[in-house]
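2 protein chains.
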Amino acid sequence: MRNIRLLIEYDGTNYVGWQRQDNGKNIQGAIESALHQILQEKVNVIGAGRTDAGVHARGQTANFRTETKLDFLSIKGGLNGLLAEDIVVHNVDEVPHDFHARYSAKERLYSYTITRNPSALLRNYSWYVKYSLDIDLMQRAASAITGTHDFESFCKANSDVGNHFCTVSSAIWLEEDSLLRFTISADRFLHGMVRALVGTMVDIGRGYIQFDDLINILAKKNRSVAGMAAPARGLILEKITY
Amino acid sequence: MRNIRLLIEYDGTNYVGWQRQDNGKNIQGAIESALHQILQEKVNVIGAGRTDAGVHARGQTANFRTETKLDFLSIKGGLNGLLAEDIVVHNVDEVPHDFHARYSAKERLYSYTITRNPSALLRNYSWYVKYSLDIDLMQRAASAITGTHDFESFCKANSDVGNHFCTVSSAIWLEEDSLLRFTISADRFLHGMVRALVGTMVDIGRGYIQFDDLINILAKKNRSVAGMAAPARGLILEKITY
Chain C
2 MRNIRLLIEY DGTNYVGWQR QDNGKNIQGA IESALHQILQ EKVNVIGAGR
52 TDAGVHARGQ TANFRTETKL DFLSIKGGLN GLLAEDIVVH NVDEVPHDFH
102 ARYSAKERLY SYTITRNPSA LLRNYSWYVK YSLDIDLMQR AASAITGTHD
152 FESFCKANSD VGNHFCTVSS AIWLEEDSLL RFTISADRFL HGMVRALVGT
202 MVDIGRGYIQ FDDLINILAK KNRSVAGMAA PARGLILEKI TY
Chain B
2 MRNIRLLIEY DGTNYVGWQR QDNGKNIQGA IESALHQILQ EKVNVIGAGR
52 TDAGVHARGQ TANFRTETKL DFLSIKGGLN GLLAEDIVVH NVDEVPHDFH
102 ARYSAKERLY SYTITRNPSA LLRNYSWYVK YSLDIDLMQR AASAITGTHD
152 FESFCKANSD VGNHFCTVSS AIWLEEDSLL RFTISADRFL HGMVRALVGT
202 MVDIGRGYIQ FDDLINILAK KNRSVAGMAA PARGLILEKI TY
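For the record, the sequence lines run as chains C and B.
Each residue of the first sequence is one higher than the one before, starting from 2 at the first, in our numbering.
Each residue of the second sequence is one higher than the one before, starting from 2 at the first, in our numbering.
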């Protein structure tokens with residue numbers, strides 16, 4: 002039994018998310034169907050991050066176990082030949098038997114893009130925020146969430162995870178022309194966490210939530226006290242580190 | 002009679018091009034319909050560049066004459082409210098009566114993006130070239146076309162323009178990570194010219210056409226001797242200067 006790892010880029014615009022489900026096109030299902038054709042074998046593809054509908058990935062990582070003897074190039078070529086243009090497999094390699102795309106991950110990196118003007122070309126890859134924003138205050142908020150914290154207030158309420166502690170190793174806002182780019186890396190992320198953090202920091206940047214309230218929001222461990230979730234379209238899963 | 006100018010960004014992916022025509026969704030027609038609703042008046046919108054199907058614009062400029070007394074913000078807000086998300090009007094202002102978006106233009110700037118790896122996120126905004134390319138040679142070719150030349154060999158054969166002289170003021174290839182970006186500015190462009198130039202320079206970069214042949218290709222004034230046309234999706238009309 003071989004354990005094969007995939008490095009995957011996708012445009013999530015036309016998908017209901019990474020996870021296999023019955024209510025629409027999903028990335029995991031598309032890759033599993035293609036592998037079924039290529040390997041003549043049913044496989045279960047495990048993704049590092051279960052991105053929501055409309056969320057993109059430049060560096061999603063997944064693995065699956067298989068009996069195939071096919072080489073990496075044949076698997077990669079087969080996948081890219083069968084998959085739609087909005088999913089691209091960039092690398093295929095073999096990993097130790099106990100490698101698990103999700104549990105073996107040491108760090109995850111996400112980016113979030115905000116535009117200060119509406120954009121036709123970036124409309125599926127950014128959030129247009131019309132309010133004037135205090136970027137320094139947003140960076141202070143990003144610095145305040147860096148480190149180990151209980152992020153339950155930034156986790157979708159219907160999530161049934163027991164432990165809400167995450168260690169954020171970096172959280173940075175960068176201004177580039179009319180774009181605002183946020184990057185955040187952590188050992189783990191809760192469901193909806195990046196979008197809830199971005200939405201809350203935007204609320205702080207526009208003065209709707211006070212910076213000093215951020216500590217209270219974290220302490221309350223209740224999603225309803227944090228800000229709105231930023232739209233899915235601005236979020237990209239950039240990289241998984243093992 | 003007022004003469005109103007529009008600065009327009011659009012994603013050309015789902016359009017048959019700028020120009021009004023019966024065979025599908027076009028940018029000019031979409032803007033004219035929206036203006037008809039807003040102004041209660043039929044107007045003729047003149048674009049600076051008639052981009053082909055799949056070609057994008059960050060800085061298309063257009064003008065129309067109207068009897069309306071509506072202010073700029075109302076026209077802009079009305080257009081962005083009525084137009085689909087893939088067309089955005091960034092600015093509306095008033096120009097002298099003799100201003101003509103196409104004939105008054107002094108310089109036009111286009112960009113063309115090539116990816117060295119297939120990309121899911123950039124698939125509609127770039128051309129994936131799998132050949133290895135000699136970028137230095139491509140830049141030598143770009144420098145060779147700078148200046149005033151007869152570009153008939155790079156003009157679509159069915160075009161009925163008489164004068165094929167264009168003055169290219171700059172033509173530059175830039176490598177950024179796994180992207181190759183070409184920018185070119187000129188006083189005018191012939192139909193299909195940027196795509197024919199990019200295709201020919203790629204043919205030179207991969208050794209399919211010799212650099213020394215470029216001068217012969219220009220001299221022959223015949224589209225069939227130049228290289229293939231690069232795909233529309235990589236081309237963006239960046240800016241018109243008046």
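No lab work stands behind these hints: they were computed from the structure.
Each hint should be verified, as a subset may be incorrect.
Unchecked claim - Heads up, simulated DSS-like pairs for lysine-lysine below, C-alpha to C-alpha not over 30 angstroms straight-line:
1) B:77 <-> B:157
2) B:240 <-> B:157
3) C:77 <-> C:107
4) B:157 <-> B:107
5) C:131 <-> B:70
6) B:107 <-> B:240
7) C:70 <-> C:221
8) B:221 <-> C:131
9) C:240 <-> B:131
10) C:26 <-> B:26
11) C:70 <-> B:221
12) B:131 <-> B:157
13) B:157 <-> C:131
14) C:77 <-> B:131
15) B:240 <-> B:222
16) C:131 <-> C:157
17) C:26 <-> C:221
18) B:131 <-> B:77
19) B:43 <-> B:107
20) B:131 <-> B:107
21) C:107 <-> C:131
22) B:70 <-> B:157
23) B:221 <-> B:26
24) B:131 <-> C:26
25) B:221 <-> B:43
26) C:26 <-> C:222
27) C:131 <-> B:222
All of these numbers come straight from a predicted model, not from anything done at the bench.
Hints and how they fare:
| no. | hint | in the structure |
| --- | --- | --- |
| 1 | B:77 <-> B:157 | 35 angstroms, violated |
| 2 | B:240 <-> B:157 | 22 angstroms, holds |
| 3 | C:77 <-> C:107 | 25 angstroms, holds |
| 4 | B:157 <-> B:107 | 22 angstroms, holds |
| 5 | C:131 <-> B:70 | 27 angstroms, holds |
| 6 | B:107 <-> B:240 | 11 angstroms, holds |
| 7 | C:70 <-> C:221 | 53 angstroms, violated |
| 8 | B:221 <-> C:131 | 53 angstroms, violated |
| 9 | C:240 <-> B:131 | 24 angstroms, holds |
| 10 | C:26 <-> B:26 | 26 angstroms, holds |
| 11 | C:70 <-> B:221 | 54 angstroms, violated |
| 12 | B:131 <-> B:157 | 25 angstroms, holds |
| 13 | B:157 <-> C:131 | 42 angstroms, violated |
| 14 | C:77 <-> B:131 | 15 angstroms, holds |
| 15 | B:240 <-> B:222 | 28 angstroms, holds |
| 16 | C:131 <-> C:157 | 25 angstroms, holds |
| 17 | C:26 <-> C:221 | 37 angstroms, violated |
| 18 | B:131 <-> B:77 | 42 angstroms, violated |
| 19 | B:43 <-> B:107 | 28 angstroms, holds |
| 20 | B:131 <-> B:107 | 36 angstroms, violated |
| 21 | C:107 <-> C:131 | 36 angstroms, violated |
| 22 | B:70 <-> B:157 | 42 angstroms, violated |
| 23 | B:221 <-> B:26 | 37 angstroms, violated |
| 24 | B:131 <-> C:26 | 29 angstroms, holds |
| 25 | B:221 <-> B:43 | 45 angstroms, violated |
| 26 | C:26 <-> C:222 | 34 angstroms, violated |
| 27 | C:131 <-> B:222 | 50 angstroms, violated |
Checked against the numbered hints listed earlier, the structure breaks hints 1, 7, 8, 11, 13, 17, 18, 20, 21, 22, 23, 25, 26 and 27; every other hint is satisfied.
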